[in-house]
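Engineer: Listed below are the residues making up each chain.
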Amino acid sequence: MRWSAIKAFVVKELKTTLRSREQLFWIVFWPMILVLMTGYIFIPPSVDQPKTLKIGVVNYDNRSTAPFNGSYFVQILDEVEYKGVKLFDVVEYENESTMVDDLKGGRLDGGFLIPRGFGANLMMGQATLRIYVGASDLQSAQINEAILRGFIEGMSREIAYRKVNETIYYMRRYGSQYMPENLTIPGFNETLVEFLEVWMTGLVEPINATFVDVKPETLMTRSTVIGWYTLGAAGMSILYTGLNIGSLMAVGEKERGTLKRLLASPATSTDMLIGKTLAGVLTLGLTTGLSVIVGIFGCGAKILWNPLKPEHWLVPLLLVLGSLLMIGFGMLLSLVTKTARGASGLSTVLGMMLSFTAGIWFPKSWMPEWMRFLGDVFPATWAIDAMRSIMVFEAGLAEVLLDTFKVLAATTVIYLLGILAYRTVLRRYAEA
Amino acid sequence: MNLSNDRSMYEPAVSVKNVSKRFGDRTAVDDVSFEVKRGEVYGLLGPNGAGKTTLLSILAGVVNPTSGTVRILGTSPLDSKTRGLVGFCPQEPVVYDELSGFENIMFYAGLHGLSGSEAVKKCRELLDKLGLLEYADRRAGKYSGGMKKRLNFAIALIGDPEVLLLDEPTTGMDPGIRRTVWDLIAELRSLGKTVILATHYMEEAEALSDRVAIMDGGRVIAEGEPEMLKKECGLRAVINLELMEPAGGALKLVEPYAYEGAVYVDGNSLRVYVEDPDTVAPKLVSRLLNNGYKLLAMRISPPTLEDVFLKLTGRRLVEE
Chain R
1 MRWSAIKAFV
11 VKELKTTLRS
21 REQLFWIVFW
31 PMILVLMTGY
41 IFIPPSVDQP
51 KTLKIGVVNY
61 DNRSTAPFNG
71 SYFVQILDEV
81 EYKGVKLFDV
91 VEYENESTMV
101 DDLKGGRLDG
111 GFLIPRGFGA
121 NLMMGQATLR
131 IYVGASDLQS
141 AQINEAILRG
151 FIEGMSREIA
161 YRKVNETIYY
171 MRRYGSQYMP
181 ENLTIPGFNE
191 TLVEFLEVWM
201 TGLVEPINAT
211 FVDVKPETLM
221 TRSTVIGWYT
231 LGAAGMSILY
241 TGLNIGSLMA
251 VGEKERGTLK
261 RLLASPATST
271 DMLIGKTLAG
281 VLTLGLTTGL
291 SVIVGIFGCG
301 AKILWNPLKP
311 EHWLVPLLLV
321 LGSLLMIGFG
331 MLLSLVTKTA
341 RGASGLSTVL
351 GMMLSFTAGI
361 WFPKSWMPEW
371 MRFLGDVFPA
381 TWAIDAMRSI
391 MVFEAGLAEV
401 LLDTFKVLAA
411 TTVIYLLGIL
421 AYRTVLRRYA
431 EA
Chain Y
1 MNLSNDRSMY
11 EPAVSVKNVS
21 KRFGDRTAVD
31 DVSFEVKRGE
41 VYGLLGPNGA
51 GKTTLLSILA
61 GVVNPTSGTV
71 RILGTSPLDS
81 KTRGLVGFCP
91 QEPVVYDELS
101 GFENIMFYAG
111 LHGLSGSEAV
121 KKCRELLDKL
131 GLLEYADRRA
141 GKYSGGMKKR
151 LNFAIALIGD
161 PEVLLLDEPT
171 TGMDPGIRRT
181 VWDLIAELRS
191 LGKTVILATH
201 YMEEAEALSD
211 RVAIMDGGRV
221 IAEGEPEMLK
231 KECGLRAVIN
241 LELMEPAGGA
251 LKLVEPYAYE
261 GAVYVDGNSL
271 RVYVEDPDTV
281 APKLVSRLLN
291 NGYKLLAMRI
301 SPPTLEDVFL
311 KLTGRRLVEE
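Just so you know, the sequences run in chain order R and Y.
All residue numbers for the first sequence refer to our numbering, where the first residue is 1 and numbers rise by one.
All residue numbers for the second sequence refer to our numbering, where the first residue is 1 and numbers rise by one.
Keep in mind that a hint or two might mislead.
A few chain R residues that face chain Y, going by a derived Cβ cut-off under 7 Å, partial list only [claimed, not checked]:
{"#": "1", "residue": "12"}
{"#": "2", "residue": "16"}
{"#": "3", "residue": "20"}
{"#": "4", "residue": "265"}
{"#": "5", "residue": "268"}
{"#": "6", "residue": "431"}
Now the in silico label distances, taken between C-beta atoms and shown as ranges [as the list claims (entries may be wrong)]:
{"#": "7", "chain 1": "Y", "residue 1": "134", "chain 2": "R", "residue 2": "7", "range": "19 to 29 Å"}
{"#": "8", "chain 1": "R", "residue 1": "423", "chain 2": "Y", "residue 2": "68", "range": "16 to 26 Å"}
{"#": "9", "chain 1": "R", "residue 1": "7", "chain 2": "Y", "residue 2": "81", "range": "38 to 48 Å"}
Since the hints were derived computationally from the structure, they do not count as laboratory data.
Predicted model only: the values in this text are computed from it and were never measured.
Glycine included, each C-beta is placed from N, C-alpha and C at the ideal position.
Using the sequences provided together with the hints, build the complete structure.
Structural biologist: Dropping the structure here:
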């Protein structure tokens with residue numbers, strides 16, 4: 001093993017990689033695209049803002065002379081805001097079938113059918129209202145329904161409170177004429193009116209719940225969530241680029257025709273292995289760095305990093321171990337791939353699949369049991385989980401040390417197996 | 001450690017004993033044995049598919065022989081120290097297209113343990129010798145085929161090798177550059193370097209080789225100094241006759257005049273091997289003319305290694 005040969009391989013690999021448009025795409029541009037897509041599609045800038053729904057309204061209660069009628073309700077729909085954003089963009093329809101056609105065509109997010117007598121019933125008793133939930137896709141159906149339900153529940157509660165207040169007002173004003181003063185209910189200290197006020201408020205809202213956000217800091221805002229996904233994008237690059245580097249270790253040179261000359265040179269196969277691995281780790285470091293830079297400056301990602309916390313230094317270590325692990329897996333793949341195209345294709349497909357099972361894009365809780373098992377036994381998942389434990393859930397050194405050792409052990413085993421595969425490929429070449 | 005200094009100068013630089021290489025059912029190299037002395041240029045002459053490239057790959061330590069032994073400077077070619085003393089120039093120009101010519105050769109300089117200003121100086125010297133210095137910073141992917149071949153050759157020389165294995169080094173080069181490479185090989189010989197040159201150009205083998213092994217079908221069918229090989233074949237001269245029409249019909253007319261009936265037809269031309277050209281040539285011409293053949297040209301030349309190969313195998317080295 002000679003340093004000059006190893007250095008020559010590192011320099012050559014970095015230059016050939018960074019000058020190849022195809023390689024450059026996968027190593028530099030693809031992670032950037034992933035981060036940007038994540039930043040603007042998974043978590044769009046409007047994620048913190050309420051969504052405005054385009055809704056249709058058919059109002060059959062527009063001619064009522066009651067103090068509140070369907071037209072007032074339409075006006076409320078048109079003016080209601082949440083966090084300074086209009087909740088509904090209202091389109092009025094003459095009849096139900098035209099509105100339903102537009103709902104079916106995905107041109108509306110929802111619709112209201114206001115029946116005759118709606119306003120009067122609302123004031124004096126219980127009003128009926130038909131609400132249509134539209135959707136242009138499965139996810140938007142859930143969101144639209146939640147917004148429409150939220151609005152109606154909020155409005156119902158508001159109306160109920162107003163009715164209760166009105167009732168209490170009249171009870172206070174006229175009750176003394178018909179009820180003995182200081183009439184109390186046995187077992188209660190309040191007067192009857194005070195008791196009824198509390199009782200009716202309970203009817204409107206039996207549980208007055210308060211929700212307090214205690215999510216990890218990393219999941220609190222869009223910028224921190226993007227930071228979380230940025231690490232995921234970097235992890236995914238490591239998965240498939242690492243596999244690619246490992247699988248092309250000998251096959252790439254063989255296909256270029258350069259392997260013959262390299263084997264005839266005084267450099268040993270170990271020099272080549274170390275040189276290419278170092279170049280691979282540096283390349284993956286570059287990919288990760290670029291992902292982080294694009295995440296921070298391109299999408300506004302916030303990544304928690306505190307150099308004073310020793311556990312945070314485990315993150316770069318885990319990244320290096322993850323890189324070596326995937327390069328090792330890639331070398332194992334080279335046993336079955338005979339061409340660079342085959343190796344590259346297989347690594348990309350496997351990398352994509354593993355990124356899902358490793359829980360990079362979606363929580364593992366979404367996966368079926370068998371798929372979750374695959375993710376749990378895959379060592380790259382341990383590395384990714386450990387990194388997220390540190391950077392998302394602020395786990396301490398003691399909490400992630402065991403996982404780090406597990407990753408170290410798995411990387412050692414897989415990389416050693418990879419070396420055996422690499423030597424087998426070289427031996428096959430010499431025998432063929 | 002310089003292995004070459006530790007060994008007796010009488011020991012052969014390259015020793016090949018009963019080497020065979022089989023790929024499945026096909027035998028690429030069949031029980032080949034020879035020795036090459038230090039400072040000798042040894043030609044491996046044969047048509048495509050004769051086994052020259054496989055043999056050179058075995059000598060370079062890239063391919064393992066199925067049987068037999070190979071020693072380079074007394075050691076195994078698989079030894080990395082031995083490989084440091086061997087320069088290998090594969091047939092196809094194997095360079096990294098993304099790197100410049102200079103970066104390509106610098107990479108191999110690194111593999112040979114050269115670095116810094118020493119490596120830069122050596123690389124520039126070699127590029128200059130092969131007329132590539134002007135294009136040193138251009139990416140090798142933009143080089144012409146001939147330029148790549150020259151770079152390929154320069155890379156083989158970067159380690160200042162004691163033994164040079166050259167596989168068709170001048171194929172695809174223009175005549176001027178080919179002459180430069182020949183001069184370089186001659187210079188290497190004068191420096192005491194050992195060269196094994198695989199080629200299918202008989203002029204190249206004749207011009208450069210001290211000894212030649214003629215290969216066909218994986219076997220060495222003749223070995224020796226070029227002049228000796230020609231003598232052993234009993235050839236003194238070759239009469240080339242160019243006719244106006246296909247020469248196949250004239251075969252019977254000229255056969256009686258040929259040495260051991262050695263006449264070869266190739267399109268409109270006849271190649272007649274004779275012992276006494278001065279006597280035979282006029283007779284051949286008059287016989288052909290009397291039988292209605294029109295003669296375009298006649299040339300009498302000494303025999304070449306191509307003729308030796310033709311005599312031994314009945315085929316030409318380069319099939320048209």
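Engineer: Let me make sure I understand: some of the numbered hints might not hold for this structure. Which ones are they, in numerical order?
Structural biologist: 9
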